[in-house]
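Number of protein chains: 6
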Amino acid sequence: MFFHDSRLQYEVRVDNPNPVFAKYLQQAIGGVEGEIRVAMQYLFQAMGARGPVKYRDMLMQTATEELSHIEFLGHAVALNLEGAPASMQEDAAKDPVVAAILGGQNPRHILSSGLSAMPVNSVGTPFDMSHVYATGNIGADMLANATAEAGGRVLASRLYNLTDDAGMKDMLSFLIARDTMHQQQWLAVIEELGGYKAVLPIPNSTPQEHEAMEHSYYFCTTSLDKDAPEGRWTSGKSLDGRSKFSVRKGEPMGQEPSLGKARPDSAAQSEQM
Amino acid sequence: MFFHDSRLQYEVRVDNPNPVFAKYLQQAIGGVEGEIRVAMQYLFQAMGARGPVKYRDMLMQTATEELSHIEFLGHAVALNLEGAPASMQEDAAKDPVVAAILGGQNPRHILSSGLSAMPVNSVGTPFDMSHVYATGNIGADMLANATAEAGGRVLASRLYNLTDDAGMKDMLSFLIARDTMHQQQWLAVIEELGGYKAVLPIPNSTPQEHEAMEHSYYFCTTSLDKDAPEGRWTSGKSLDGRSKFSVRKGEPMGQEPSLGKARPDSAAQSEQM
Amino acid sequence: MFFHDSRLQYEVRVDNPNPVFAKYLQQAIGGVEGEIRVAMQYLFQAMGARGPVKYRDMLMQTATEELSHIEFLGHAVALNLEGAPASMQEDAAKDPVVAAILGGQNPRHILSSGLSAMPVNSVGTPFDMSHVYATGNIGADMLANATAEAGGRVLASRLYNLTDDAGMKDMLSFLIARDTMHQQQWLAVIEELGGYKAVLPIPNSTPQEHEAMEHSYYFCTTSLDKDAPEGRWTSGKSLDGRSKFSVRKGEPMGQEPSLGKARPDSAAQSEQM
Amino acid sequence: MFFHDSRLQYEVRVDNPNPVFAKYLQQAIGGVEGEIRVAMQYLFQAMGARGPVKYRDMLMQTATEELSHIEFLGHAVALNLEGAPASMQEDAAKDPVVAAILGGQNPRHILSSGLSAMPVNSVGTPFDMSHVYATGNIGADMLANATAEAGGRVLASRLYNLTDDAGMKDMLSFLIARDTMHQQQWLAVIEELGGYKAVLPIPNSTPQEHEAMEHSYYFCTTSLDKDAPEGRWTSGKSLDGRSKFSVRKGEPMGQEPSLGKARPDSAAQSEQM
Amino acid sequence: MFFHDSRLQYEVRVDNPNPVFAKYLQQAIGGVEGEIRVAMQYLFQAMGARGPVKYRDMLMQTATEELSHIEFLGHAVALNLEGAPASMQEDAAKDPVVAAILGGQNPRHILSSGLSAMPVNSVGTPFDMSHVYATGNIGADMLANATAEAGGRVLASRLYNLTDDAGMKDMLSFLIARDTMHQQQWLAVIEELGGYKAVLPIPNSTPQEHEAMEHSYYFCTTSLDKDAPEGRWTSGKSLDGRSKFSVRKGEPMGQEPSLGKARPDSAAQSEQM
Amino acid sequence: MFFHDSRLQYEVRVDNPNPVFAKYLQQAIGGVEGEIRVAMQYLFQAMGARGPVKYRDMLMQTATEELSHIEFLGHAVALNLEGAPASMQEDAAKDPVVAAILGGQNPRHILSSGLSAMPVNSVGTPFDMSHVYATGNIGADMLANATAEAGGRVLASRLYNLTDDAGMKDMLSFLIARDTMHQQQWLAVIEELGGYKAVLPIPNSTPQEHEAMEHSYYFCTTSLDKDAPEGRWTSGKSLDGRSKFSVRKGEPMGQEPSLGKARPDSAAQSEQM
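Chains as they are written, first to last, in my numbering: chain A, 1 to 273; chain B, 1 to 273; chain C, 1 to 273; chain D, 1 to 273; chain E, 1 to 273; chain F, 1 to 273.
It is worth saying that the hints were derived from the structure and are not from the lab.
It is possible that part of the hints are untrue.
Note that the list lumps identical chains together, so a pair holds whenever it fits in one copy or between two copies.
[Unchecked claim] Taking lysine-lysine and the BS3-like style, the derived pairs with C-alpha atoms no more than 27 Å apart in a straight line are:
1. Lys-244 to Lys-261
2. Lys-54 to Lys-169
3. Lys-197 to Lys-244
4. Lys-226 to Lys-244
5. Lys-226 to Lys-94
6. Lys-54 to Lys-94
7. Lys-237 to Lys-226
8. Lys-261 to Lys-237
9. Lys-54 to Lys-244
10. Lys-197 to Lys-237
11. Lys-261 to Lys-94
12. Lys-249 to Lys-237
13. Lys-249 to Lys-94
14. Lys-226 to Lys-249
15. Lys-169 to Lys-94
16. Lys-261 to Lys-226
Same shape as in the complex, but just chain A:
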């Protein structure tokens, strides 16, 4: 069960409100790299967690932290919208900076939300929950979470570079820090479970007889004019220690597909039957 404290997890200060930055900042709320995504992803993973309880607890506690991130970012967006232009008056249209803001801000910040945050990204696309990745496999889920946090820290770093508002920089430096920890945290689970050697291939419970092992460790080239790019993945021991990497030239092993004629009841053209 969830509870709430009226104060924010971190302080939000906006020295120079900027409605265009408000639009950009939305990416951290409703973007695929944003906080709604991780809050919901960790929540659904926690609700579906099977196996050692501590992973469930960890997921739920961090899901809860992410909800608090939505909250302070939402406040930051609203503060950036203070003073946003809401009219296309004649002289405004003649001031090119105002014109640029009128064109550059998210119109729905004026029209739909009344100058506050929305669950959308920086181009106004609403977040959709298909981005909540939760497979029931802890290895896959930890990678998904580390991915989300890597994307999140990339985004926060770019937002940091974008603004020169001291308050916003301060808040973003906190986000950058928490994303550092969260990346570590999910990858630490993989370490704890034995690292790549034990965890890979995911799922590690798939019986070997379900796998065509002769195809499991070669890099398949598909280039007509280049060889395989060489690296850790073309030779040497595989990360899971089960085999060795090699290279194989891709070539068709299957048939030319054919579906024959169309069925009479399938509303094809008669020439297809």
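Use these hints to put chains B, C, D, E and F onto chain A, whose structure you have.
Structure of chains B, C, D, E and F alone, referenced to chain A:
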């Protein structure tokens, strides 16, 4: 530039066509764990790749392989739809197994595609390209790719368990094998770049002064009735070697947010102004 | 069956075409507060109406009126796009106002529609029909309709504030007026059915034994640092007259959830089994 | 800032797990009538609340409660998936009830989530955040919230009718009860603000000179073969007390629209220029 | 401006209500091949029509007819839902045909709409307006319309084959007929404008100097193991009479792309810079 | 099976990078008129092709060509993003042209992709695969393909008009040319199959007794104030040679719909029962 050979990368054989399995199999084509996703994800990452050329090449070659996976899976779906029931005739309605198939198959396999594969998942939702993760940061992208392949191998394993058609099991064992390699391949890039120690935190180019380092290495508890779940992430050296893990009880560090009164031109209720 | 008259329901005049305003105006066509939504919502409610015929008739007649609103708004968008810049010529790029328009207009007004209205909102997101709320319960539907019209009138008021084009202001004042009536109209149905006392709780046909009545009339606090915000909802008679409002401190009444181990056939990691 | 207690807000018990009911139950999590929607809607309304603080507090506290509803419903879905069929073995295919379940369950409960809840509705469509209605106008928002709770209670009542599992009926009776309160709660705000008379038309801050008042209080007929359906909305005082209802036969007041010829640079056919 | 007559354009009779057929039938309402799509597509094309008025009139009149198709199909869905099972009672679960229907029907027909039509397709996906194709080019639009009607008649033919309900067959035979006319109607515009010779290439107003004519009339082979499939498109006069068809072996004419190093402010990994 | 050559199908040169043009150009990648759409549409049509093999081959070869178009357009977008502004520094905000670019570019080109192409359109909406039209009917599919190429050439022509960058104009002139061929190519299939006379009505395999032929060849008027717009479609032989065109005044042929009372178990209001 792309080219094509008429034969499939792998042979497809369906011994007992099953339209309900066709519906399930769609998850491997148009699901977020499916082949359209990885083909397009690697393609867009390749097109945006900056830095060492070999990663671009690797991405493009595997993108090309994944296109071939779409192709043979598409053929598998079509073969499973041979003989799918396309009528609700009276006696059919009385045969409960036929009734179950009529209810259980994807109606659009009859109505929209004329008995062939569609770019949708197992519940008929079309794939949408927001799931193509490509950040321009090779660390984030490699994790995203390993995630996608982990999800893919989990899915292929579940499909393998679901069917008892020998042809389908054979094809899926190939997919399981290639997903093994692809997981390895992307994580091997991280190894090559120095492993977690060098790669984390992602992006590793964010200047330390952009990060509130005092918040970067503690697990933040948010539970009212439980302590931090202990593990690799609560004590000991951080994975990037920059610091040590610790635990900190979550508590509000910010203000209670307040937006004050509504603007007269914002169409709020007058009681809000 | 529907019919059409070539003239618009209301006159549309645009004195100073403005492609950025055209983008904003799209919210009234394809936004969730827009006319496609209400036209389709009332149509589907009418088609599913059970019970007294007059409500079906009312819904269908107003659905028909809303179709006419789409039509004149579509004309308004097209007229605002007259003269929209369709080239990035060098000198244009140097004129900051032209640059602002090129950046600020909806690119698809140039690229996709050829300077006319689209069924999208002000950030270009196509309307999707999941926003057609029609439950088959007349109480729920009337509230949904009043909500839609409230959002519509908020939007029209904001658009009115945004423009200083006399023609557009005139058209919007008509929309504001019709939204006034439509708000009234749907809430008047609730009045006619006996007001809150008779209509609530929706559905009023749910047998009392299906409801854990001891949980039906208290405000549940979930704040750790604040009491319940006091008001009409914390004490006094409930709006349906069935009970009295009270306040209760939220606390867990359920178990700590546990799903145990993962199934062997579920492709979890072996550590979860 | 948010916090969490490991126990559920309400107890969840499933006597006879039913994967088809699990699919239906998803509507209460990820449907437009479901808990993610209200949790997020109240959260975003709270974050954008301007005016009296107590409404912000109320919204935030109930948002927090709704998060807890997601949590116990998620557990209920997982418990209903215990024992869900994950294989299409030959004899299974011959048992029509198993066949019906294999066709009738959500395939992604097997393939994607590993037997746990997902943020999707009963047909597997992921929740998308465009359904978070938050206008910044408290009147519009309270109606939107009452609508959401009306839809929620309609849904919970239907789910109650659908199952005969005693544990599920008990849990749903709690949901029905809380939806009763939440309907009351939001409408009580409208009462407190003075009822329809004071609150309507929403927004009540739109200056009268922005409204073509002569069109504000008539029911507009658009039927060719029927008169206006008579009721509270065709005569008598308007709900806001500002005017009287009347009826007016719809007829075109505008021009026949004409856009003239296409621009040469607009890639129309030459016959259009 | 639109008007309405209470009677349907065509009679709807359902002899044996079938909730699974109701689900299939939804494809004709909210599918991409369905009536909402064509109604809205023709409406938006009409609203954006430039050039000869008669095409605008034709579009608007047929848009209006399609609205009437939505209406009678909506009634057909509702009639098919009469008697749909809304409970999972124990004995029902033992009757495999009822079980099949419970699994096979659209759950939202029970849970969300209360036994009536929804603006969704046969797998429950809501129609989204991105499928409204309206380019402002009459040639492109007429092809889009003929495509929509071809898809519509394919669908109606498949639905006809699927049912053995005499009433439904009668209604579908009317739809099949109207789709015949509508296909003709849009292609007749192309005939009237001079046929392929005059209309192609679309847009026919693109100046020849904007086109790299040397690439305009060859079939580009991309197969590694097959020649060009020969036909009307590999030799002989082009359909527009401007040139002759030929075949050319596809080969790269461009550079190997390279983006160089990443920018320091772009949050790439430092190894990319 | 697919293969790849490292060089692009066509050379890409950008003389003056322009991030706003990059945003516009995205329409040709991820728009409904763009290259992902046609690549995937032809691929799925090929995979489902039944009947003469040569059409399958043709579809697959052109699908492969379109993949190459995605690739060079993706490079063009990345090159246009060179030098895109990634900061809102104080003096930048004072330069109105920079301000216009900051507002006018796609924020996700900075925040999400790190200055490279994305699978989205010009307003940032990700491509969704519901736009892959593949019916299994070759007539319907060829029309869909001609439509896609008509839309594509309209788009390319508009982009050509929009830019004055010589490199971009050159690349677009190649696209315009290939779209010319592809339009021809798909329509040439219809010619080869016998033209409209043989191909229409689509599907031409629907038995005449499934069609209410008395409704198949009249233009149905629905205007209250205008006659049928006269043209090729109102009189003379039908395009399929089966009948003659005529005009008929639309009028209701069906009943007034009625659904009666609501079911007690349907959670309607009691007044509806």
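#### Entry: Within, between, both or neither, where Lys-261 and Lys-226 count as close if Cα-Cα is 27 Å or less
Between copies only: 21 Å across chains, 40 Å inside a chain, cut-off 27 Å.
### Query
Which holds for Lys-197 with Lys-244 at a C-alpha limit of 27 Å: within a copy, between copies, both or neither?
both (13 Å within a copy, 24 Å between copies)
#### Entry: Status of Lys-244 relative to Lys-226 across identical chains (alpha carbons, at most 27 Å)
Within. Shortest intra-copy distance 22 Å satisfies the 27 Å Cα cut-off; inter-copy 36 Å does not.
### Up to 27 Å CA-CA - Lys-94 versus Lys-54, copy category
Cα proximity of Lys-54 and Lys-94: none, with 61 Å in one copy and 40 Å across.
### Query
When no copy is named, should Lys-226 and Lys-249 be tagged within, between, both, or neither for a Cα gap of at most 27 Å?
Close inside one copy (11 Å) and across copies (20 Å); limit 27 Å.
### Query
Can you tell me if Lys-249 and Lys-237 fall within 27 Å by alpha carbon in one copy, between copies, both or neither?
Close inside one copy (20 Å), not across copies (42 Å); limit 27 Å.
### Up to 27 Å CA-CA - Lys-169 versus Lys-54, copy category
Neither: 34 Å inside a chain and 31 Å across chains, both beyond 27 Å.
### Query
How would you classify Lys-244 and Lys-261 at a CA-CA limit of 27 Å: within, between, both, or neither?
Neither, since 45 Å and 32 Å both go past 27 Å.
### Task
Could you figure out if Lys-54 and Lys-244 sit no more than 27 Å apart (CA to CA) within one copy, between two copies, both or neither?
between (35 Å within a copy, 20 Å between copies)
### Intra- versus inter-copy proximity for Lys-94 and Lys-261 (alpha-carbon distance at most 27 Å)
Neither. Shortest intra-copy (66 Å) and inter-copy (30 Å) distances fail the 27 Å Cα cut-off.
### Message
One pair to classify: Lys-226 and Lys-94, alpha carbons no more than 27 Å apart. Within, between, both, or neither?
### Response
neither (56 Å within a copy, 44 Å between copies)
### Query
Which holds for Lys-261 with Lys-237 at a C-alpha limit of 27 Å: within a copy, between copies, both or neither?
Neither way: Lys-261 and Lys-237 sit 49 Å apart in one copy and 31 Å across, limit 27 Å.
Figure legend: structure checked against the earlier numbered hints; hints not met, in rising order: 1, 2, 5, 6, 8, 11, 13.
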